[in-house]
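**Q** One-letter residues, chain by chain:
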Amino acid sequence: MSQAAKSERLMNLVICLLVARGYVPKSRIREVVGGYGDQNDDAFERMFERDKEELREVGIPIETGSFDPLGDEEPGYRIQRHEFELPEIRLEPDEAAVVGLAARVWQHTYLSEASSNAVLKLQAVGVEADTRSLGAVEPRVGGEEPAFWPLWEAVRDRRPVVFGHRKSSTSEPMLRHLQPWSVLSWHGRWYVVGLDTDRGAARMFRMSRIVDEVRPDGPDGSYEVPAPETVREAAASLAPPERSPVLHAKIRARFGSGHGLRRRATFVSSDVTTGWDELTVPYTSNQALAEELVSHGADVVALEPTELRDAVVERLRAIVAVPA
Amino acid sequence: MSAADERPPAKRTGRKATARKTTTRKAPAGRAPTRRPDSAQAQVTRLLSMLPYLRSHPSARVSEVAALFGVSERQVVRDLQVLWFSGLPGLQMGDYIEVDMEAVEGEGIISISNADYLARPLRLHADEAVALIVALRTLAAVPGSFERGAVERAIAKLEDAAGEAAQRAASVQVQVDADAVADVAGTVRAALDSKNRLHLSYWVPARDEATERDVDPMRLVVVDGRLYLEGWCHRAESVRLFRLDRVLDVKVLDVPAEVPSQARPRDLDAGLFQPSPSDELVTFELTPPGRWVADYYPHESADELPGGGLRLRLRARDREWVRRLALRLGETGRVVEPADLAAEVTAAARAALSAYDVQ
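For the record, the sequence lines run as chains A and B.
One gets the working numbering by counting positions in the first sequence from 1 and adding 11 to each.
One gets the working numbering by counting positions in the second sequence from 1 and adding 1 to each.
The set of hints was computed from the structure by calculation and includes no laboratory data.
Take the hints with a grain of salt, since some may be wrong.
Below, a sample of chain B positions facing chain A; criterion: calculated Cβ distance under 10 Å [as the list claims (entries may be wrong)]:
hint : residue
1    : A68
2    : V224
3    : R329
4    : R351
Since the model is a prediction, treat every value here as computed from it, not as a measurement.
Cβ atoms here follow ideal geometry from the backbone N, Cα and C, with glycine treated the same way.
When you get a sec, could you build the whole thing from the sequences and use the hints?
**A** This is the structure:
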């Protein structure tokens with residue numbers, strides 16, 4: 012059977028169910044939609060099932076039912092026009108312009124296709140959205156992690172999942188059972204947040220640390236997602252903390268170096284005779300700041316507090332101690 | 002895409018349609034569908050948008066429709082041939098759709114009739130509505146994006162049209178690291194609108210250098226949640242990306258921007274860091290706490306080491322960048338090759354240590 016013949020059959024099935032008043036019995040469909048009539052019973056059943064499935068996949072709402080109160084009648088099928096059609100929508104030129112730009116935001120293959128298809132539907136009802144002109148502002152959102160798509164679907168369909176997840180510092184993955192609530196991109200990295208059913212509490216996992224496959228772990232729609240505000244709060248509290256700096260370090264930096272530190276410095280005193288500045292830099296963790304200071308080599312020296320100074324010295328010694 | 006992605010969706014069995022009860026099933030679970038543009042499913046999807054488009058754009062050109070739908074002109078003609086055989090005449094179910102195939106094949110102009118029952122496109126699918134709304138919200142989160150009002154109105158209208166499907170957009174959040182760079186972004190945006198040259202003081206962390214440069218702005222891009230200015234850099238005489246949180250100072254110059262005609266926006270699909278094959282190959286050995294390096298930087302290979310570490314090979318344009326990274330890593334990772342670079346790291350640490358009153 013040619014592919015064109017299949018497309019014609021699918022189009023005619025859509026038209027038949029859309030135009031008919033009420034449910035169309037299967038036997039009637041077999042008579043009127045070309046391509047079904049010349050099949051034997053089994054072949055027709057298989058073909059019809061597959062056709063319905065393919066149409067539903069692309070979002071065509073084929074309903075099954077019957078008007079017969081006793082349910083004795085063979086099942087019928089219908090497409091309700093108000094479920095099928097895009098409702099009235101009109102966009103002003105500036106709104107259409109941003110919609111055109113939005114179609115280019117997703118870099119993920121399927122979501123890029125989905126947003127382009129959405130814009131095509133709007134263009135079909137006369138919205139003049141230009142998706143090709145270069146915008147002055149061009150955000151790009153990825154989703155390349157292999158776990159991204161299965162988790163997007165799981166969130167969409169409220170499907171519990173199970174996956175192996177590796178904590179940053181160990182290479183041993185742990186099995187996690189999750190009812191996913193939301194996927195979020197934070198500092199350019201994708202996370203999933205949801206109810207960890209082993210721990211009975213909300214947890215957040217970075218997708219790039221999920222190993223192997225994300226597998227379904229229960230039927231679709233089998234749990235409730237808390238209100239959006241609750242999910243946002245959970246995500247915010249689980250995100251790596253952004254603590255406000257409470258400590259102050261005194262640091263010496265050679266002229267023209269340590270720009271990252273200088274930007275954060277609350278006080279700078281210059282000594283032109285030595286070619287060094289003394290900076291006061293607010294910070295949160297001795298270890299994290301020591302790591303940054305060490306990266307500047309001999310251009311930056313930690314002065315105070317002693318703990319910071321010691322942390323820097325310890326790191327430098329560890330490097331020097333390694334046999335070449 | 003791997004071979005597994007092309008697997009057809011799992012066939013469901015054992016579900017029987019129940020009489021009396023109305024059920025609407027949604028798309029089955031599985032991998033992200035990758036439909037070939039010539040599959041029947043893709044063709045029907047396209048036709049259901051193409052028909053209303055052709056009604057609202059009488060005498061559309063084949064070339065225009067092909068470009069809009071992202072398919073070849075031959076594919077558009079094949080699509081129209083399918084339409085020609087669609088419709089159910091004689092059964093009170095409409096008529097054959099009329100397509101003037103002579104005009105299509107002759108002048109390349111499309112004219113259709115008798116398709117009133119497919120006057121409007123299909124509703125937005127949940128993924129379509131969510132993808133578009135999340136994209137619009139991301140656009141609105143970019144500071145200096147003056148279309149915010151238009152974005153909010155567009156989102157409200159899409160939510161109305163998409164109904165329940167749009168509510169799922171609440172479960173996808175894309176954060177743009179914008180607050181700290183809002184002022185710089187505003188200045189850049191003003192220069193983009195007035196087409197003026199910018200002067201930047203720009204910090205290059207790989208060399209810990211503050212550089213001064215004149216830049217003719219081309220666009221603001223957001224990659225991995227961060228804002229960048231893309232523009233023609235007069236100092237480098239090429240197109241460069243500048244991370245806004247590394248701009249130390251920015252001024253709009255009273256000089257019109259002149260982006261050379263040969264300047265092309267960078268192809269960002271390959272990622273921001275595009276190491277060149279001529280860059281030096283460096284091997285790191287990372288302990289488990291140093292594994293983060295593999296998440297952050299593109300690399301040629303990453304091999305597991307006994308004890309949970311990694312041997313990472315990457316290409317580096319700049320030895321100073323490698324030295325800084327190696328110093329930062331401390332005992333959590335070290336350069337093993339090239340040997341002279343490893344020696345440079347040790348020498349740098351020794352020099353730094355000499356400033357402290359220790360042995």
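**Q** Holds or violated: is the Cβ of B/R351 closer than 10 Å to a Cβ in chain A?
**A** Cβ of B/R351 sits 5 Å from chain A, so the hint holds.
**Q** May I ask you to test the interface hint for B/A68 with respect to chain A, counting a Cβ-Cβ separation under 10 Å as satisfied?
**A** holds (8 Å)
**Q** With chain A as the partner, please determine if B/R329 meets the hint condition of a C-beta pair closer than 10 Å.
**A** holds (4 Å)
**Q** Does the interface hint hold: is B/V224 within less than 10 Å of chain A, judged Cβ to Cβ?
**A** holds (5 Å)
Every hint, counting from the list given before, is met by this structure.
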